[in-house]
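J.: One-letter residues, chain by chain:
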Amino acid sequence: MAFFFEVLIGGLLSGIMYSLVALGFVLIFKASGVFNFAQGAMVYFAALAVVGFIDKGVPLWASVILAFIVMTLFGIATEKFVLRKMVNQPPIALFMATIGLAFFVEGLAPLLFGNDVRPLDIGLVDEPIPAILDSLNIVVSRFDLTAAGLAALLVIVLALFFQYTRVGRALRAVADDHQAALSIGIPLQHIWALVWAVAGFVALVAGMLWGARNGVQFALTFTALKALPVLILGGFTSVPGAIVGGLIIGASEKLAEIYIPPLMQSVFSGNFGGIEGWFPYVMALLFLLVRPEGLFGEKHIDRV
Amino acid sequence: MFYRETGQFKTSYGADQQIFPIRQDRIGIVLLLAVAFVGVPALGSEYFFSAILIPFLIFSLAALGLNILTGYAGQLSLGSAAFMAVGAYAAYNFQVRVEGMPVLVSFVLAGLTAAGVGILFGLPSLRIKGFYLAVATLAAQFFIVWCLTKFPYLSNDSSSGVISVPGVSILGFDFDTPRSKYLLVLTLVTLLALAAKNMVRSTTGRAWMAVRDMDVAAEVIGIRLMHTKLLAFAVSSFYCGVAGALYAFCYLGSVEPDGFSLDMSFRILFMIIVGGVGSILGSFLGAAFILLLPIFLDIVLPALSELLHLPFDGATVSHIQLMVFGALIMFFLVVEPHGLARLWQIAKEKLRLWPFPH
Amino acid sequence: MARQIGEVILDLRNISLRFGGVKALTDISFNVREHEIRAIIGPNGAGKSSMLNVINGVYHPQEGEILFHGQVRRDMDTHDAAAAGIARTFQNIALFKGMSVLDNLMTGRNLKMRTNFLQHALWWGPAKREELEHRRKVEEVIDFLEIEHIRKTPVGRLPYGLQKRVELGRALAAEPKMLLLDEPMAGMNVEEKQDMCRFILDVNDQFGTTIVLIEHDMGVVMDISDRVVVLDYGKKIGDGEPEEVKNNPEVIAAYLGTQH
Ligand SMILES: Nc1ncnc2c1ncn2[C@@H]1O[C@H](COP(=O)(O)OP(=O)(O)O)[C@@H](O)[C@H]1O
Ligand SMILES: [Mg+2]
Chain A
1 MAFFFEVLIG
11 GLLSGIMYSL
21 VALGFVLIFK
31 ASGVFNFAQG
41 AMVYFAALAV
51 VGFIDKGVPL
61 WASVILAFIV
71 MTLFGIATEK
81 FVLRKMVNQP
91 PIALFMATIG
101 LAFFVEGLAP
111 LLFGNDVRPL
121 DIGLVDEPIP
131 AILDSLNIVV
141 SRFDLTAAGL
151 AALLVIVLAL
161 FFQYTRVGRA
171 LRAVADDHQA
181 ALSIGIPLQH
191 IWALVWAVAG
201 FVALVAGMLW
211 GARNGVQFAL
221 TFTALKALPV
231 LILGGFTSVP
241 GAIVGGLIIG
251 ASEKLAEIYI
261 PPLMQSVFSG
271 NFGGIEGWFP
281 YVMALLFLLV
291 RPEGLFGEKH
301 IDRV
Chain B
1 MFYRETGQFK
11 TSYGADQQIF
21 PIRQDRIGIV
31 LLLAVAFVGV
41 PALGSEYFFS
51 AILIPFLIFS
61 LAALGLNILT
71 GYAGQLSLGS
81 AAFMAVGAYA
91 AYNFQVRVEG
101 MPVLVSFVLA
111 GLTAAGVGIL
121 FGLPSLRIKG
131 FYLAVATLAA
141 QFFIVWCLTK
151 FPYLSNDSSS
161 GVISVPGVSI
171 LGFDFDTPRS
181 KYLLVLTLVT
191 LLALAAKNMV
201 RSTTGRAWMA
211 VRDMDVAAEV
221 IGIRLMHTKL
231 LAFAVSSFYC
241 GVAGALYAFC
251 YLGSVEPDGF
261 SLDMSFRILF
271 MIIVGGVGSI
281 LGSFLGAAFI
291 LLLPIFLDIV
301 LPALSELLHL
311 PFDGATVSHI
321 QLMVFGALIM
331 FFLVVEPHGL
341 ARLWQIAKEK
351 LRLWPFPH
Chain C
1 MARQIGEVIL
11 DLRNISLRFG
21 GVKALTDISF
31 NVREHEIRAI
41 IGPNGAGKSS
51 MLNVINGVYH
61 PQEGEILFHG
71 QVRRDMDTHD
81 AAAAGIARTF
91 QNIALFKGMS
101 VLDNLMTGRN
111 LKMRTNFLQH
121 ALWWGPAKRE
131 ELEHRRKVEE
141 VIDFLEIEHI
151 RKTPVGRLPY
161 GLQKRVELGR
171 ALAAEPKMLL
181 LDEPMAGMNV
191 EEKQDMCRFI
201 LDVNDQFGTT
211 IVLIEHDMGV
221 VMDISDRVVV
231 LDYGKKIGDG
241 EPEEVKNNPE
251 VIAAYLGTQH
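Taken in order, these protein sequences are the chains called A, B and C. Sequential numbering of the first sequence, starting at 1, is according to the working numbering. Sequential numbering of the second sequence, starting at 1, is according to the working numbering. Sequential numbering of the third sequence, starting at 1, is according to the working numbering.
Hints in this document: simulated from the structure, not taken from any laboratory. Backbone N, C-alpha and C define an ideal beta-carbon position, used for all residues, glycine too. Treat each hint with caution, since some may be false.
In silico SDA-like links for lysine to any residue, alpha-carbon gap of 20 Å or less [stated by the list, open to error]:
1. K10/B - R136/C
2. K299/A - G57/C
3. K350/B - R26/B
4. K85/A - R26/B
Just a sample of chain B residues kept apart from chain C, beta carbon distances all over 12 Å, derived [as the list claims (entries may be wrong)]:
5. I29
6. G100
7. I128
8. L192
9. V220
10. H309
11. L328
12. E336
Some residues of chain B that are not near chain C, with every Cβ distance over 12 Å (derived) [unchecked claim]:
13. Y72
14. L231
15. F312
The whole structure should be built from the sequences, with the hints applied where relevant.
T.: In structure tokens:
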């Protein structure tokens, strides 16, 4: 039983990281209706920028600030040179453009900041928390817990930002109705630039946490692939959906990875590891058949 | 010779409904086929067949498949490579497991198997649209490749799913040279491309496009969304499946599941974006472009590095390649969403007026 | 030729439709007789489009029943409606933008096509013959609507007024028994409106097609419709012949913007 909880908690903690990446998707989608496939590439870009600056002798804190500036500039450029020029095209074309963007970034980032896998030390160590280990006999990683705490904090800050600041309200208004947003008196372009900056910031946090855990490497781009089923589950427009979806995906994929292969092995012979790679997708798919609007999405009837 | 339709009056609707209504286009196609079937085999080198023409034709077929689904029926898929994998493994299994199975029949069965799997993964399209569906097709991509790796039965118990296909022999003739394989692939691809062209210019294609352009209106006209979308998934997967079988049997000879990666699916998608979404011709143009681009960069970049005295290593070249791909995709989507096929059409329209514009 | 207005062929009884908290239609009943031109009028947001959507099964009302062709049902199904000969146009043009005028009209005849995709792929005898046969029918519609010059043009490139006309063409191509028109003349200039009126009257007259029409231009409504139903805030506030409705105090109030 202790083992079950260990897996479950590990899954939930990594799930929060998925939520964080999914949140980047949700932000951009809400504000501009663009489904940004390049979010994973941005996570990679951000983490690589941080270690890249550190390699050049810049201290950690300054590297983070510089990376944030780079991400913001990058977001603004994307908005200005690609997305704005495609406003009259169907959403699917915009989506394909962001796939192109992902390729572009995945090539650009290592050219700018180097290609080797590098560690990123943000002062957290990956070790079991003794108190929990002693009292409950469950291994909970200090790193994972802290990272999850940071992610949760970020989510709360963003939620407050959306709820209580003028800019945040404008962002929400844009999601609902572009005309209404204009009446708040903030130009649409500024809002989009801003939302790309916020998404860049979220990518930066996600990239640093994942990078500190597993090293900064190309595999960071795969975080996006993990976040996609989270979005299906949670709905593309819902911040709470991204969070709950991430937790469900994180926990269920880890449990599936532990408990399903032995079952399959007893039926077919062979080795059935690696279920993690597809399990979230198939789960999200099955879920879609039952509830196409996602956990928190609203049922929508096309208007004609 | 002028490219004109002046003077070619259509005196019946039948004449107007020919596959290529303009006479110059008909002549052009006949010439092109003559060159492809007679000229090229007489002149081309082994390398040219096996490294360029065969993969070009096979990827054109896969792109055609994706174009039917995405370009005509409007359902975005990110799992084309997985459907190719289904085709490759199905053809292999039919060949090894059924005594005396004719190769062509196993190709058709491979296509049908892929179609079946395509329908299965197309089911969510009945409830979800756009990028939701795109995400759902990723499930196909990951799940299929995983199954092929993990179930030893599917690869006839070979280790980690690698299969080596038997030689291709039809009616006693062995297709064992690059030239003969090229001719086989060319024949199949030509036939399937004609069939696709016929489908998209008839009721089937119109139903697909109607669903793509305005699904509610299509439904109101009486088009059954479920039937239409699943048919698009089936036909598209059939094409990808046959392409996969050809990929294994006429191109590589030995394939592994991981070869049919997400990256390959993206490349097929790029082919239709660059070539022209919703264009048969575009599938071919795009495949040529996307396949030739890396070859071109491989030649140009080292030369460029020499010229600029910059050290470009292999990794740098591949990074630049990624960037060029990405930039091209964005460029086409922003500047010419209908791709090379549209540029070709514009060129033809210019030619029609030449030498007297206006 | 005098039209014979026939029996009631469509009877909507106590229809209520909600979207979440929004009540689009509340307890609405009215009927449509064969061969008549039935207008639905009312201010924006009154629920007119929703009404059409209920009639051909795009929306499914929560309450009420529909009598159609002698059969009582809870709601309609888009496919059944189309098969029973109901065709329509939309308030915001819903043409197939990437296709030519000709292809849009051919698509309108979708339900009459019998050949399957394999025959299409091979361009087999029956498929080819069918294509020709329907092409002829579609050309009749093209002649009728006087759009010969644009048959090969992608509809996305046409001006608004012509798009509306092509959309009517797509509906007519199906040879419908009942035609639902959602603001067919909105946004048109006087000349285009006159043309459209003429087409509607001709269709009704020559083919006996029953027409349910939403229109804002009162002049047009009073001129061409046989009976008018008036909606306001999802409720029915008037029903009857044009003269009768015009003098209904509640209708006048709604149209003068009096508060309820
Ligand atoms: N698909 C839908 N989803 C949500 N609300 C809708 C939908 N369709 C219509 N409504 C609402 O129903 C009411 C009536 O709309 P509608 O039938 O379009 O009115 P009209 O055509 O008379 O202008 C409006 O309040 C509108 O917002
Ligand atoms: Mg309306």
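J.: Give a verdict on every hint.
T.: Hints and how they fare:
no.	hint	in the structure
1	K10/B - R136/C	holds, 14 Å
2	K299/A - G57/C	holds, 18 Å
3	K350/B - R26/B	holds, 19 Å
4	K85/A - R26/B	violated, 38 Å
5	I29	holds, 15 Å
6	G100	holds, 27 Å
7	I128	holds, 19 Å
8	L192	violated, 9 Å
9	V220	violated, 5 Å
10	H309	holds, 50 Å
11	L328	holds, 23 Å
12	E336	holds, 15 Å
13	Y72	violated, 9 Å
14	L231	violated, 6 Å
15	F312	holds, 42 Å
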